[in-house]
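Undergrad: Protein chains in written order, with the numbering used here: chain A, 457 to 774; chain B, 457 to 774.
These are calculated hints, taken from the structure and not from any lab test. Hints are not guaranteed to be accurate.
Since copy identity is lost for identical chains, a pair holds within one copy or between any two.
Unchecked claim - Below are the SDA-like pairs computed for lysine to any residue, each with C-alpha atoms no more than 20 Å apart in a straight line:
#: 1; residue 1: Lys634; residue 2: Glu725
#: 2; residue 1: Lys660; residue 2: Glu556
#: 3; residue 1: Lys487; residue 2: Gly513
#: 4; residue 1: Lys545; residue 2: Ile742
#: 5; residue 1: Lys733; residue 2: Thr491
#: 6; residue 1: Lys696; residue 2: Gly635
Only a predicted model underlies this, so the values are computations on that prediction, with no experimental measurement involved.
So you can see what is in the structure, the chains are spelled out below.
There are 2 protein chains.
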Amino acid sequence: MKEVTVGIDIGGTNSVLGIVEKNGNILAENKILTTDYPVINDFVLALHRCIQETVSGIENISIKAIGIGAPNGNYYNGTIEYAPNLAWKGIVPLCEMFKEYYKEPVVLTNDANAAAMGEMIYGGARGMNNFIMITLGTGLGSGIVVNGEVLYGSTGFAGEIGHTIVDPNGRDCGCGRKGCLENYASATGICRTFLELLGIRRDKSDLRTIGFEDLTSIMITREAEKGDKVALEAFDITAKWLSLALVNSVAFSSPEAFFLFGGLANAGEYIFKPVQKYFDQNVQRIFKDTVKILPSEIKESNAAVLGASALAWNELAN
Amino acid sequence: MKEVTVGIDIGGTNSVLGIVEKNGNILAENKILTTDYPVINDFVLALHRCIQETVSGIENISIKAIGIGAPNGNYYNGTIEYAPNLAWKGIVPLCEMFKEYYKEPVVLTNDANAAAMGEMIYGGARGMNNFIMITLGTGLGSGIVVNGEVLYGSTGFAGEIGHTIVDPNGRDCGCGRKGCLENYASATGICRTFLELLGIRRDKSDLRTIGFEDLTSIMITREAEKGDKVALEAFDITAKWLSLALVNSVAFSSPEAFFLFGGLANAGEYIFKPVQKYFDQNVQRIFKDTVKILPSEIKESNAAVLGASALAWNELAN
Chain A
457 MKEVTVGIDI GGTNSVLGIV EKNGNILAEN KILTTDYPVI NDFVLALHRC IQETVSGIEN
517 ISIKAIGIGA PNGNYYNGTI EYAPNLAWKG IVPLCEMFKE YYKEPVVLTN DANAAAMGEM
577 IYGGARGMNN FIMITLGTGL GSGIVVNGEV LYGSTGFAGE IGHTIVDPNG RDCGCGRKGC
637 LENYASATGI CRTFLELLGI RRDKSDLRTI GFEDLTSIMI TREAEKGDKV ALEAFDITAK
697 WLSLALVNSV AFSSPEAFFL FGGLANAGEY IFKPVQKYFD QNVQRIFKDT VKILPSEIKE
757 SNAAVLGASA LAWNELAN
Chain B
457 MKEVTVGIDI GGTNSVLGIV EKNGNILAEN KILTTDYPVI NDFVLALHRC IQETVSGIEN
517 ISIKAIGIGA PNGNYYNGTI EYAPNLAWKG IVPLCEMFKE YYKEPVVLTN DANAAAMGEM
577 IYGGARGMNN FIMITLGTGL GSGIVVNGEV LYGSTGFAGE IGHTIVDPNG RDCGCGRKGC
637 LENYASATGI CRTFLELLGI RRDKSDLRTI GFEDLTSIMI TREAEKGDKV ALEAFDITAK
697 WLSLALVNSV AFSSPEAFFL FGGLANAGEY IFKPVQKYFD QNVQRIFKDT VKILPSEIKE
757 SNAAVLGASA LAWNELAN
């Protein structure tokens, strides 16, 4: 009998699930369209059926636990709370609903915490007790691991480095406040910086004809590769903001490493090199050479499912 | 036989020790002059003799452990590392040196972590698993408690909120960098702000004749009580900076409370009222009404010894 966990990643568009062995081997994957189920009970039933269908195709396995990564997921309560990009409003008691179908443990957290779990169990953070996962997508997510455990705090919502305020008079944030880090250091953040720079500088750029809605961080990376000065400066400024957040996070929890993951992290040296440079310049002396800044070792295509599955394995270990 | 711990607070001028029962009752206190012992071995011997002398005056007690609070104290290594205000240079293996005289556990941490321990074991944080201690003295110290344990991180030096950078182009900091929080939110910080405001505003103030070296946060509090507009604005600006750090700390570790301690916290409503106002304005929605901002419940005169003693009791409990 092979022991497996089910890792589920709930996204605004798709919800993906994987049947995962303890070594991270994904035996099967499947998905449903999140948007097909505006009523939460229908969604849970559809996901349950999808799990059953997927499992029935594999011989000799035994599900030990289910892990779920979801936006605004609360580990303590097993709930999704006021997720702006999902159809279900208010507080959704997702774990409780799942437990009607499964007697095994069902656990839930947000995407970035799940990513941190994935890194800790299957990735570059194996053996580390103190590290921070930074996901650089549309926003900036973070999962903080302290003494080998994800930091949830008193509410279950700890680890929101993307919503630390770096400029109180700065850019409007989706959270209703101003100057949160994710408006500077994220795929969206670098696009906003790039546009600002086009207004400031007179340099030519192939992207001067692209509207803001169509601009992506990948386009800016391609331009940087061509030597576009504005694109290179946009990376430099983005790196400066990100390194400030890393330096301040070190003062807070003194991790042994940061792992960068997601769209913007894929820009490789264009982001890692200046981040490391500014980090070294600005980190407090007592922490010098105590922290690594590393790319995630988890493949992006598997990360969400592996993270959720790792959450489930971790629950079984505790 | 009464069980006691010895709590030792090493300061730049005095080193104070107390013989403390588990309920926080201090049976006796004593002190030596730190500055009398430029050689560390002499200091340890003198402190040992002082402990013996103090203990000999009390009947029927048994020392179970020794806790030490010291600037730049490292819990993991039991060392004082590069403390700028102490005569002993480099890395001092203080716990090891003490263990030549005592077979009981000897533990050491920095002052702010010891204060957090004191609050957790004897003060307002009893029963709390997630809180942050902020000491507002010459600088800003912090002790972060997560899941009932002080956060030490991978190096033992975590919890340096006073050295998070809040303005990268800001005021010179003693650490060699610019814009660290403690240059704004501390007894020294409010003096710097007050002086800046005297330059900006034309209002009369009784403190216009006082030189910077002679100015204290207590003078500014006294002026605020008299309705001095510059003093009141200095408190307002200080509170704004401090509340920004609290808001960002909530995003990081989601504590259930902050405890403010030390000189500036003694200004009472002049600091607590605007801090609470700006905190409520700026905290992220998901954390609204989840965090209290409270004065420390430990008397300032006992805090250092009680904190160090609490560290010792905590070690015995683990």
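Undergrad: None of the hints should be skipped; say for each whether it holds.
TA: Hints versus structure:
1. Lys634 to Glu725: For Lys634 and Glu725, the Cα distance exceeds 20 Å both inside one copy (29 Å) and across copies (27 Å).
2. Lys660 to Glu556: Neither: 60 Å inside a chain and 71 Å across chains, both beyond 20 Å.
3. Lys487 to Gly513: within (15 Å within a copy, 75 Å between copies)
4. Lys545 to Ile742: between (46 Å within a copy, 15 Å between copies)
5. Lys733 to Thr491: So Lys733 and Thr491 fail the 20 Å test inside a copy (43 Å) and across (40 Å) alike.
6. Lys696 to Gly635: both (15 Å within a copy, 15 Å between copies)
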